[in-house]
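Listed in order, the protein sequences are those of chains A and B. If you count the first sequence from 1, position 235 lands on 235 in our numbering, and the numbers rise without skipping. If you count the second sequence from 1, position 457 lands on 1457 in our numbering, and the numbers rise without skipping.
Hint data in this document are derived by calculation from the structure and do not stem from the laboratory. Even for Gly, the Cβ is constructed at its ideal location relative to N, Cα and C. Keep in mind that a hint or two might mislead.
Stated by the list, open to error - So the derived label-pair ranges between C-beta atoms look like this: (1) A1369/B - P221/A: 47 to 55 Å; (2) A1369/B - K273/A: 34 to 42 Å; (3) G204/A - S1409/B: 52 to 60 Å; (4) H17/A - A1303/B: 49 to 57 Å; (5) Q1337/B - Q302/A: 44 to 52 Å.
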Amino acid sequence: MSRSNADWQAVIGLETHVQLGTKSKIFTSASTTFGDAPNTHIDPVVCGLPGTLPVLNKKVLEYAVKTSMALNLNIARHSKFDRKQYFYPDLPKNYQISQFDEPIAEEGWIDVEVAEKGKETYLKRIGIERLHMEEDAGKLVHAGSDRLAGSTYSLVDYNRAGVALAEIVSKPDLRTGREASEYASEIRRIVRYLGVSDGNMQEGSLRCDVNISVRRSSDAPFGTKVEIKNMNSFSAIQKACDYEIERQINLYETGESVAQETRLWDEGKQLTKSMRSKEGSSDYRYFPDPDLGPIEVSIELQQKWKSELPELPANKRKRYAKDFGLSVYDARVLTDESSMAEYFESVVSQGVDPKIASNWITGDLVAYVNANKKDFLKLPFKPEELAEMIQLITDGKISGKIAKEILPGLLETGGSPKTFVEKNGLSMISDSKLIESIIREILEAHPKEVEAFRGGKTKLQGFFVGQLMKKTSGKVDPKLANQILLDQLRL
Amino acid sequence: MAIAEWRQKLQSGEVSSLELVNDQLKRIKLVDKSLHAYLQLEEDNARSVAKKIDEARSSGIDLPPLAGVPFAIKDNLCTKGVRTTCSSKMLENFIPPYESTVTKRLWNSGAVLIGKTNLDEFAMGSSTETSAFGATSNPWDLSRVPGGSSGGSAAAVASGLCMAALGSDTGGSIRQPASFCGVVGLKPTYGRVSRWGLVAFASSLDQVGPFTTNVRDAAEVLQVISGPDPLDSTCLDEPVPNFSEFLNDSIKGIRIGLIKECFNQEGISTEVKDSVLKAANQFKSLGAELVDVSCPRFNDGIATYYVIAPSEASANLARYDGVKYGFRAEDDESLTQMTSLTRANAFGSEVQRRILIGTYALSAGYFDAYYKKAQQVRTLISQDFLKCFKKVDLLLTPTSPTTAFKAGSHDNDPLSMYLSDLLTIPANLAGLPAISLPCGFDNLGLPIGLQLIGNVLGEQRLLQAAYQYEQAANVMKNCPEGNSIPR
């Protein structure tokens, strides 16, 4: 489709709901376990039975404040809970306890590294408007038919109702689908580093709604905003944004207008489709929840929680590039999970070359961990053992090839690579007299080839090396082998 | 019979707990047909608890403070396994799987649940006429209302159908019926008593308190139900003093304020005013100092209240939608229709009126003019009180502008009934403790109540002054003869 010009700019903001991973719900002691039989993690408070009252789970406040700190938000001196009212059967009280005009934290930012194939990676600071705490709703299960449209009745499961959420609202600073997905994955990385959420998008512990509009140039007024829901992965966020940008530009280009509405991302068809109009927006009749007192986090408590924050991924990335001389890509991969970063740092602390350590971890180890759904910090093969293996290679005690061969076994069982190599006779043959005698035997066995080599057919060097490796099961340092071989052949 | 007297009888073996329970049940069957104070009786439970108390007594075990005291509980307090209806069709068959904190504390102190008492639907009303299960009558004149919303509890205590009762007070729902029925009713400081298990009407105003025949009993019951509760974040984390400690102490030198704006109100009957002023003189003769004080926004309380209380109620009652429990309209075609019909059929007109008022006051475009403004006035009212308590220790007012009115007299003008809470509402808005106790009778022989308002957490002082007055004035001894109270 042709374009009038290339100045169109998309304006994207994200609302991210993060389920805080506390064992119990935000206002009661019912369990937050996911995936169990319907209505097994409920109690009178969850169900909104008459006479029940909410009491704030202190761990939720801690998690929300820590997350706010990691997002460079200002923690409010005074904050409160409000009731957001609307009738829907998944909402037991027909109001949601949320935070309206006095959220726990406001005005922050994160630095997001935007990397895309074929484009230069760049760093972008994304503003964050606010973070507030609220309770999750339950789930409706539509029954009586295979399809939603034909369902004859609905069942409600309140297991999820009352699970603590932190809603993080970005500023409209994002411009592309890639930026949006990078922002979302950085949020996920941060909450996982903090240990406040598993950030699992498939299970819904991290959910993103996108607000998106386009305008003809960066100084034009904002266009009509469309909300997109139902994206279950970062790539879906990127694709939904890119699809929506195109759709909106095309509408404007063809003289049509963009409707203010909520759209759903259809993963199967790879497009967004209209869900409901947002005209005449809902009136939630917010007012302060009289059942819950004001929220005040003392300076002492703030300092305590601040001191408990781990090093965050953005800083790690910066440090890895600067201190270890790693590439942007490697630093990114290594810091994606805090467990991997921790493993890496333990290996490096043993004094091995960070680049070599990085290659092993981002190569064979990640492959193994991902394929077997393991956790780096629970691997039987400890960081010191990987460091020892790398040292054996560096010292010429084993070849890289041998290392690759023995690694799968070591990953399963752990143990000292040095001991393993010695026990299985896998050490390199470093005795040059021994290598000389083996080469002599090979040359004596192949007089024709020796003749040909000496006659100028130097390509045959590879043949002799091959024979040597075969005889020694690859335990000879190729450099040393070539040197001795040439000495012998040129005699 | 007062609790202390009963305790002595129980311990001496003069009367067993079971005998008392049986006696109460017998009396209820005789009298409550005409009163309708109770919605349901817990006969089997009462007898079995009484038997345990008697066994404990005979085996010499120390008895808890309220052992064997027969209690009536307003039916908006959740009782585990016992129907809790709020006098609404909506909760006609609702059986809570949990016990309210206040009743749990009563039972742990040996009190015996006799039955659940009638109230205005969801505690919304001042006459117990909006109950979905029929009105309660005033024991002093059956053609009159017992007040409300805790009319059932007040009538039960007044006519000896229990020794003490619990009610809830959002705008006067304990004190006004106590006044109408000639008993003692106490609304504690907001947060003194846990609200866990009290079905919410207006959460920032609701407070549970006792109905008793005398002030000392009120102190004893308050002692048991007060104190911090991890299940209620609005319950104050304050130690509970001994409320009976200073009852016998003289109130010499105590300063009692007479609120100018309140006695100048036109709506207050002369008989009521005179009776309360006579009581003021009694306080004076006991050594108290009377001080005229001004509480300029006292009379704005009612307008403020009728924005804040319905606003909170509109959210609190949203949960009754026919989905999870309670009444459900069956002739539904859609979810929205099911919910609408459920609420239209199961809520009475007063409840619907207040939900509508509250929904309106919280709506976009009206919030600032109504809800927010009302909260500002509420703050000003609290500040007025604070200023008063710099000059005085307690405030004295009538409890209600009139004595008990005729049933049905406000049917055509529901707003006129709102005025009967004029004098009680300000204490709720400011979260202050207040007590109503009898101070005289009108020319029809109907009881008149006075109200004492204390400072935040000032229940000790409040009870002391009330007790001293009660002992000196001996109002009930001068009870007119020939009234219809079925004693």
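**Asked** So does Q1337/B sit 44 to 52 Å from Q302/A, Cβ to Cβ?
**Response** 50 Å, holds
**Asked** Is it true that A1369/B and P221/A lie within 47 to 55 Å of each other by Cβ?
**Response** 31 Å, violated
**Message:** Does the beta carbon distance between H17/A and A1303/B stay inside 49 to 57 Å, or does it fall outside?
**Reply:** Violated, since H17/A and A1303/B (Cβ atoms, about 40 Å apart) do not stay within the stated range.
**Asked** Taking the beta carbons of A1369/B and K273/A, is their distance inside 34 to 42 Å?
**Response** 41 Å, holds
**Item:** Distance restraint hint 52 to 60 Å, applied to the beta-carbon atoms of G204/A and S1409/B
**Value:** 57 Å, holds
This entry does not satisfy hints 1 and 4, going by the numbered hints stated previously.
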